[in-house]
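Asks: Place chain E on chain B using the hints.
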Amino acid sequence: MALKRVNAVIVGAGAAGGVVAKQLALGGLSVVLLERGHWLTAADCRKDDLRNQRTSVLGNNAGPDEERNPRVAVDLNGRERVVLPSEGSYSNNAACVGGGTFTYGAQAWRYQEKDFRMATTYGVPEGSTLSDWPISYAELEPCYERAEYEIGVSGDVSADPFHAPRRRPLPMPPLPVNREYGILKPAAQRLGLHPFDIPMLRNSVPYGGRPPCMQCRWCVGFACEVNAKCGTQNTAIPAALATGNCELRTGCMAREVMVDARGRATGVAYYDADGRLREQYADIVIVSSAAVESARLLLNSKSKLHPAGLGNRYGWVGRNLQGHTYTGAWGIFDFDIYDDIGPGANIAVCDYNHGSPGLIGGAMLANEFIRLPYQFVGALPPGVPQWGRAHKDFMRQWYRRSITIMGPTQEIPIAESRVEVDPKVKDFWGLPVARLSGGKHPKTMETSIAMAEKAEAWLKAAGAIRTWKRLAGNGTSGGQHQAGTCRMGDDPRTSVVDKYCRVHDQDNLYVIDGSVHVTNGGFNPVLTIMAIAYYAAGRIVKERTGRTV
Amino acid sequence: MAIGNEWRYGLALDHLKAYSLRRRKFLRIAGTATACGTLVSCGRPSTPWRFLTAAEGRTLDAICEQIIPTDQTPGAAWAGVVNFIDRQLMGPYRRQQAAYRAGLKAIDEAATKFGKNFVDLDAQRQTAVLESLTGPAKRFFATAIAHTMQGYYGDPRHGGNRDAVSWRMLGVPVIPIRGRYRYEMPKQGA
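These protein sequence lines map, in sequence, to chains B and E. Per the numbering used here, the very first residue in the first sequence carries number 1379; after that it's consecutive. Per the numbering used here, the very first residue in the second sequence carries number -12; after that it's consecutive.
These are calculated hints, taken from the structure and not from any lab test. Don't be surprised by glycine CBs; every beta carbon is placed ideally from N, CA and C. Treat the hints loosely; a few may be bogus.
If we take Cβ atoms under 10 Å as the criterion, some of the chain B residues that face chain E in the derived model are [to be verified]:
| hint | residue |
| --- | --- |
| 1 | K1425 |
| 2 | D1426 |
| 3 | E1444 |
| 4 | D1714 |
| 5 | D1718 |
| 6 | H1732 |
| 7 | L1750 |
| 8 | Q1753 |
| 9 | F1754 |
| 10 | Q1764 |
| 11 | W1765 |
| 12 | G1766 |
| 13 | R1774 |
Simulated coverage check for chain E against chain B, where a stretch passes if three residues somewhere in it have a Cβ under 8 Å from a Cβ of chain B [to be verified]:
| hint | stretch |
| --- | --- |
| 14 | 44 to 55 |
| 15 | 130 to 139 |
| 16 | 153 to 159 |
The shape of chain B in the complex, shown without the other chains (with noise of 0.2 Å):
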């Protein structure tokens, strides 16, 4: 039986997919979303240290299915090897209703203005491809305000004398603070940096209709059981579906962006969750799967005029995959500071993310996340054995009495780290699997390496006896912050989509998601995502139908 036409098919329910959906339906379009992953609660997902979406060594709690999955993973010495979904290099981020949203640790960051001119700003490094946004931050600023207060934002940026103009403040005010904070601001300030309440996409108060976060020690990577933290799962996704114009279709598989005679896209193949291949014909074909499926999707979309992939004339698609450069510093103090109330991470300086000379770009530093205790058995300092009583002792004598300082290090992007399609290995659906290679551009690494040392002067004086380095490799980027392999750019030679995410030669394909990021700033990038969302989504919904949503 044939699927009723529709205006729009999304394919991908994460941050980006769940916003363009409410906004298309309440602009009147009719929309069927499309999600690999399944519609999970917390109750779903128990709170496991060891199988979730940050330490997934048992597995991952929120997708996708770990045998039907696997993707391919290129060293630096060119070595490939087929992974699966709990290991690191496979780079997931999720598959569920929600995608990322659902589990993440939710810090809410608007860009700065350089963020979005890097290439201006800094010039083009050699061997990088960095380029500046066809768009700017005062055209992004409603949305970025928008998603705040639709989805839902607590913090307080007003100490941040670094952040780019905004008219309001957030909508909530900070969580109570941990002990952390009360070691680390003093410090901050005598440091000379500017300290604040992290902005997060976390009730602090009731808002949206759901309670405040309870401050549990399970956050990042798990999934909310008080439904505390703002995720389209719970926010925009909900939305969409009570106007009555969309549909949502879990346990479904794109296969690929379906094309007519001259070209033009005309709707997704997919399998359904019983494995049967459907054809959803549209208006319109919004890809918003995260910066690897996207490309990958676009990649297997072949067709007669476009033998490489859909939006890949001029060989971009997938190419400048990058996520973050996270480094920072451990340090450990003579006295307990674990208290047990999360979720941990609630101090940040923006001093750091630009200006530093010599620099390209730079990173926010910010608290850890509370760390659960598996995964503090890797955080050794030089000296101490791997395994034995020594090790049993530092767990024991440290384990309570440690912060950790990180930041996502701004990564300048290069054509040679990207997503490709696998020729040989295909998944369970018999479509042809990702393949992620190449490296990170040396000043990336350079910049890491100097937030790492920003971050142990603070643990320093914040009093810590001892303090030590926690450096990155320069193998493939991507993990959660994946963006960049559907750039946007005015010039179709050189980018994939237009500044309203349209694909170049195609009038009614769009991508939207952080594939569609030229650069990703020293910053979670979720907010971002969910902003350009706001402004594709804004757009298309003016030239459709005339209306402002």
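Replies: This is chain E only, laid out in the frame that chain B set:
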């Protein structure tokens, strides 16, 4: 600090020691029983484990105990890390089954320089054997370290960290805070 936490969670060390002794005795008896079982049955030798043989289980138990030894608090053996690893070898670790079979054999072979099986060496010599490993055996040992850490410090529901012994040692509240409990209950209708 660690001592300060013991009373808080009602952990009686004497009780643990007694338990530990009982367990060792049990293992000896189980070992004997296994040996007898092998004599009378003609099929696969009986083993208390899902994947490991009884002998492999004993070797691995000793290796885990080396990785996280018993001191003033119980070590990996008491915490049931072998049970954890054995269970995962039939699940998420199943790609490592062959590595375990070969790795445990290699460690026993490395122990022959002292003229005994690994389990029969004293603790000092066991340490020496593990420190001297090279090549594939060394790589296997690195895997075993990671898995032992998971079994000892991870959630007890996976078969290790018995009585949340490591969390008590670290002073992490074992009883989760408010609202946690209902998610550990079976789902309605499931």
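Asks: State for each hint whether it applies.
Replies: Going through the hints against the structure:
1. K1425: With a closest approach of 7 Å, the K1425/B hint holds.
2. D1426: 5 Å, holds
3. E1444: 8 Å, holds
4. D1714: Status holds, d = 7 Å.
5. D1718: Interface hint status for D1718/B: holds (6 Å vs cutoff 10 Å).
6. H1732: 38 Å, violated
7. L1750: 8 Å, holds
8. Q1753: 9 Å, holds
9. F1754: OK, holds: F1754/B within 10 Å of chain E, min 8 Å.
10. Q1764: Interface hint status for Q1764/B: holds (6 Å vs cutoff 10 Å).
11. W1765: Holds. Min distance 4 Å.
12. G1766: Because about 7 Å separates G1766/B from the closest Cβ in chain E, which is inside the 10 Å limit, the hint holds.
13. R1774: 5 Å, holds
14. 44 to 55: Our answer is that it holds, as 3 residues pass the Cβ test (under 8 Å) against chain B, meeting three.
15. 130 to 139: This one holds; 5 residues, not fewer than the three required, reach chain B with a Cβ under 8 Å.
16. 153 to 159: Our answer is that it holds, as 6 residues pass the Cβ test (under 8 Å) against chain B, meeting three.
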